[in-house]
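K.L.:
If you read the sequences in order, they're chains A and B.
The opening position of the first sequence corresponds to residue 1 in the numbering used here, with each subsequent residue numbered one higher.
The opening position of the second sequence corresponds to residue 1 in the numbering used here, with each subsequent residue numbered one higher.
No lab work stands behind these hints, which were simulated from the structure alone.
Hints may be right or wrong, so weigh each one.
Chain copies aren't distinguished; within one or between two, either way the pair holds.
Lysine-lysine pairs mimicking BS3-like chemistry, simulated, CA-CA at most 27 Å apart [claimed, not checked]:
hint: 1; residue 1: Lys180; residue 2: Lys227
hint: 2; residue 1: Lys3; residue 2: Lys90
hint: 3; residue 1: Lys180; residue 2: Lys107
hint: 4; residue 1: Lys63; residue 2: Lys149
hint: 5; residue 1: Lys222; residue 2: Lys149
hint: 6; residue 1: Lys241; residue 2: Lys149
hint: 7; residue 1: Lys149; residue 2: Lys180
hint: 8; residue 1: Lys227; residue 2: Lys241
hint: 9; residue 1: Lys126; residue 2: Lys107
Number of protein chains: 2
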Amino acid sequence: MSKVAIIGYGNVGYHLAKRISSKRHEVTIFSRTQSEDFILSIDQLNPEAFDFIILSVPDGDVKSVSDSIATSEAVMLHTSGANPISDLSKHLKHGVMYPLQTFSRTKDIDFTAFPVFVEGSDEGEKDIFTFVRSFSNDVRLLTSANRSKLHLAAVFACNFSNHMFHLSEKLLADLDMTFKDIQPLVEETVRKAMELDPSASQTGPAMREDEETINSHLEMLKDEQLKNIYRLITESIQNSK
Amino acid sequence: MSKVAIIGYGNVGYHLAKRISSKRHEVTIFSRTQSEDFILSIDQLNPEAFDFIILSVPDGDVKSVSDSIATSEAVMLHTSGANPISDLSKHLKHGVMYPLQTFSRTKDIDFTAFPVFVEGSDEGEKDIFTFVRSFSNDVRLLTSANRSKLHLAAVFACNFSNHMFHLSEKLLADLDMTFKDIQPLVEETVRKAMELDPSASQTGPAMREDEETINSHLEMLKDEQLKNIYRLITESIQNSK
Numbered sequence: 001m002s003k004v005a006i007i008g009y010g011n012v013g014y015h016l017a018k019r020i021s022s023k024r025h026e027v028t029i030f031s032r033t034q035s036e037d038f039i040l041s042i043d044q045l046n047p048e049a050f051d052f053i054i055l056s057v058p059d060g061d062v063k064s065v066s067d068s069i070a071t072s073e074a075v076m077l078h079t080s081g082a083n084p085i086s087d088l089s090k091h092l093k094h095g096v097m098y099p100l101q102t103f104s105r106t107k108d109i110d111f112t113a114f115p116v117f118v119e120g121s122d123e124g125e126k127d128i129f130t131f132v133r134s135f136s137n138d139v140r141l142l143t144s145a146n147r148s149k150l151h152l153a154a155v156f157a158c159n160f161s162n163h164m165f166h167l168s169e170k171l172l173a174d175l176d177m178t179f180k181d182i183q184p185l186v187e188e189t190v191r192k193a194m195e196l197d198p199s200a201s202q203t204g205p206a207m208r209e210d211e212e213t214i215n216s217h218l219e220m221l222k223d224e225q226l227k228n229i230y231r232l233i234t235e236s237i238q239n240s241k
Numbered sequence: 001m002s003k004v005a006i007i008g009y010g011n012v013g014y015h016l017a018k019r020i021s022s023k024r025h026e027v028t029i030f031s032r033t034q035s036e037d038f039i040l041s042i043d044q045l046n047p048e049a050f051d052f053i054i055l056s057v058p059d060g061d062v063k064s065v066s067d068s069i070a071t072s073e074a075v076m077l078h079t080s081g082a083n084p085i086s087d088l089s090k091h092l093k094h095g096v097m098y099p100l101q102t103f104s105r106t107k108d109i110d111f112t113a114f115p116v117f118v119e120g121s122d123e124g125e126k127d128i129f130t131f132v133r134s135f136s137n138d139v140r141l142l143t144s145a146n147r148s149k150l151h152l153a154a155v156f157a158c159n160f161s162n163h164m165f166h167l168s169e170k171l172l173a174d175l176d177m178t179f180k181d182i183q184p185l186v187e188e189t190v191r192k193a194m195e196l197d198p199s200a201s202q203t204g205p206a207m208r209e210d211e212e213t214i215n216s217h218l219e220m221l222k223d224e225q226l227k228n229i230y231r232l233i234t235e236s237i238q239n240s241k
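Make the full structure from the sequences, and use the hints.
P.N.:
Right, here's the structure in full:
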């Protein structure tokens, strides 16, 4: 049983607090906004009272929040994919636990179903590994440099694919259709990509070099930015063959 | 019970043949390559012997194959999202049935789980509707012009999102990781997009206007085309807010 402070109560903080406390750790939540009664203000944080302090604040605030906390025996952690471990180097024991998942307040998350990537300072790594193991069964070591690369890959697979969904949603609105209308198609696309690998499951006019359809699609797109996206991705699909 | 000729035995022809014959229609398969014993050569097609002739050939061949077939009482159909109904206008009764799904030879397809969009010539529409109803329970009328728009939306949602997966797969290879390693993240992204709509579920550095992470990602990308894709999609996400 560890005493854990979670700073920040956004989507990640919320789900971490729920999961970690369910594993019998003692969790206290701190926040700058202190939106609910059981959340303490970050001014009330006494680092000496904790074994682990987890920063689940926006990436841009990780270093400044870490620097604002007095040094102690506690292990200082952040959960960001993009920030280097060195953001926390003020603290002797420090490290990263990056859950490779996307979190929403309203959706339950199965913590046994995705990997958590960890990294620690010499003094902190063993404690971090043991701690993360207590609530995840897929814990993997990864350096900051490689974690940035993984985060970049995740941006393509998730944020950028979601934007393709969003652009599709806009085009469907013209037809009085919603994204739900193409749910079977999207889900089958993902199933295929998982079974065959995305490289092997690519289909569509770009892949078929179907210039006639490509040109008629470009004509339909009135927005210049959308045209550019269509052109560039089509070209990239053809270069990837 | 109808007599159905299917011309072309690619992924779509294969699954159509399976589904339509399971609904007690009499299906004969014709192909130019005639790769298996039960497949007849297209030269052997006698249009008079069929109620429906379905072209599941590449989009670019729809018109020429249709034009090469003698006129008859049979209803001529194609299954393409991109081709207009007029490609088949040589034949009195003609039309389109566009299944909004992606087909792979090796994966079973649940025909009750996606819509089929139909369109017919004055003389053919009623027959087509009744026929498609016999093997699909979600049949919707759609004009050629709107079907092209739907196909364009599907290209963004499926072909382009799959390419984002492919680019991610390439970046993961650098880390000795496969696309399977980020399966929980991709699946949760799609679940969120379906529950909340893609517009509401957009996350990531572009959405957060996190310039530091965006710049460090651009530095990591050595390939100019990949850099351009990253820049353009990031910009488009920010313009869509």
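K.L.:
How do Lys222 and Lys149 come out at 27 Å by Cα distance, when the copy is not named: within, between, both, or neither?
P.N.:
Between copies only: 12 Å across, 35 Å inside.
K.L.:
Within a copy, between copies, both or neither: where do Lys3 and Lys90 come within 27 Å Cα-Cα?
P.N.:
within (21 Å within a copy, 78 Å between copies)
K.L.:
Quick one: Lys227 to Lys241, C-alpha cut-off 27 Å, is that within a copy, between copies, both, or neither?
P.N.:
both (22 Å within a copy, 19 Å between copies)
K.L.:
My question is about Lys149 and Lys180: at a cut-off of 27 Å on alpha-carbon distance, are they close within one copy, between copies, both, or neither?
P.N.:
between (32 Å within a copy, 16 Å between copies)
K.L.:
Between Lys126 and Lys107, at a C-alpha cutoff of 27 Å, which is it: within one copy, between copies, both, or neither?
P.N.:
neither (31 Å within a copy, 45 Å between copies)
K.L.:
Quick one: Lys241 to Lys149, C-alpha cut-off 27 Å, is that within a copy, between copies, both, or neither?
P.N.:
Both, since 23 Å and 26 Å are each at most 27 Å.
K.L.:
Is it within a copy, between copies, both, or neither that the alpha carbon of Lys180 lies no farther than 27 Å from that of Lys107?
P.N.:
Both, since 18 Å and 22 Å are each at most 27 Å.
K.L.:
At most 27 Å between C-alpha atoms: does Lys180 with Lys227 qualify within a copy, between copies, both, or neither?
P.N.:
Close inside one copy (24 Å), not across copies (31 Å); limit 27 Å.
K.L.:
With identical chains treated as interchangeable, where does the CA-CA distance between Lys63 and Lys149 reach 27 Å or less: within a copy, between copies, both, or neither?
P.N.:
Within one copy, since 20 Å is at most 27 Å while 47 Å is not.
In summary, the one numbered hint that this structure violates is 9.
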